[in-house]
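Visitor: Sequence:
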Amino acid sequence: FRGHLTLNFSNDGLVYAADRNANRIHVTTKEGKFLKEFILAPMTGVGGATGGVAFSPDKQQKYLFISDLTNNHIWFLNREDGKVVGQMGSMGDSGGQFYGLHMIAVDSKGTIYTGEVFAGERVQRFVPADSPRGKLLEQLSRLQ
37 FRGHLTLNFS NDGLVYAADR NANRIHVTTK EGKFLKEFIL APMTGVGGAT
87 GGVAFSPDKQ QKYLFISDLT NNHIWFLNRE DGKVVGQMGS MGDSGGQFYG
137 LHMIAVDSKG TIYTGEVFAG ERVQRFVPAD SPRGKLLEQL SRLQ
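Counting from 1, position 105 in the sequence shown corresponds to residue 141 in our numbering; the numbering is continuous, with no gaps.
None of these hints come from the bench; they were simulated from the model. A few of these clues could be false.
What the hints assert, rightly or not - Below, a list of computed lysine to aspartate or glutamate pairs in the DMTMM-like style, where the Cα atoms sit at most 25 angstroms apart:
1) Lys69 / Asp55
2) Lys95 / Asp117
3) Lys72 / Asp129
4) Lys98 / Glu157
5) Lys98 / Asp117
6) Lys95 / Glu67
7) Lys95 / Glu157
8) Lys95 / Asp143
9) Lys66 / Asp129
10) Lys119 / Glu157
11) Lys95 / Glu116
12) Lys66 / Glu116
13) Lys72 / Asp55
14) Lys98 / Asp129
Throw the hints in and build the complete structure from the sequences for me.
Guide: Right, here's the structure in full:
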């Protein structure tokens with residue numbers, strides 16, 4: 037691993053590690069056997085493109101939700117093959133924008149929670165419109 041690392045465990049027992057400086061999601065078994073990796077935004081410079089890792093709330097956890105500290109958006113990936121199926125956000129301090137997007141979590145209803153560092157220093161909450169792939173209806177709150 038080349039840098040800051042966060043990880044999460046899928047329902048089927050796999051480990052998804054975000055290696056930020058390598059711009060990748062590294063997938064292993066709990067015993068550490070390498071299975072695959074997904075590269076995101078390979079041209080991203082210092083800071084990297086992969087921060088937190090969360091899963092869609094469906095039983096199969098079909099999608100990954102990845103926070104991107106440097107590019108300031110959320111990536112939505114197909115968990116099976118790592119294909120990007122969408123993204124959300126841009127740099128800024130308005131609702132739905134990010135400045136230092138670091139952490140991400142998803143609850144059982146698909147609500148996305150994000151945490152920002154640096155000048156962002158806030159938590160945002162987003163409610164899904166009709167799918168866990170990232171179509172978002174609205175930002176409900178901006179907490180400071």
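Visitor: All hints are to be evaluated individually against the structure, with a verdict given for each.
Guide: Hints and how they fare:
| no. | hint | in the structure |
| --- | --- | --- |
| 1 | Lys69 / Asp55 | 16 angstroms, holds |
| 2 | Lys95 / Asp117 | 18 angstroms, holds |
| 3 | Lys72 / Asp129 | 35 angstroms, violated |
| 4 | Lys98 / Glu157 | 30 angstroms, violated |
| 5 | Lys98 / Asp117 | 10 angstroms, holds |
| 6 | Lys95 / Glu67 | 23 angstroms, holds |
| 7 | Lys95 / Glu157 | 32 angstroms, violated |
| 8 | Lys95 / Asp143 | 12 angstroms, holds |
| 9 | Lys66 / Asp129 | 38 angstroms, violated |
| 10 | Lys119 / Glu157 | 30 angstroms, violated |
| 11 | Lys95 / Glu116 | 14 angstroms, holds |
| 12 | Lys66 / Glu116 | 17 angstroms, holds |
| 13 | Lys72 / Asp55 | 13 angstroms, holds |
| 14 | Lys98 / Asp129 | 30 angstroms, violated |
Violated hints, in rising order: 3, 4, 7, 9, 10 and 14; the structure is consistent with all others.
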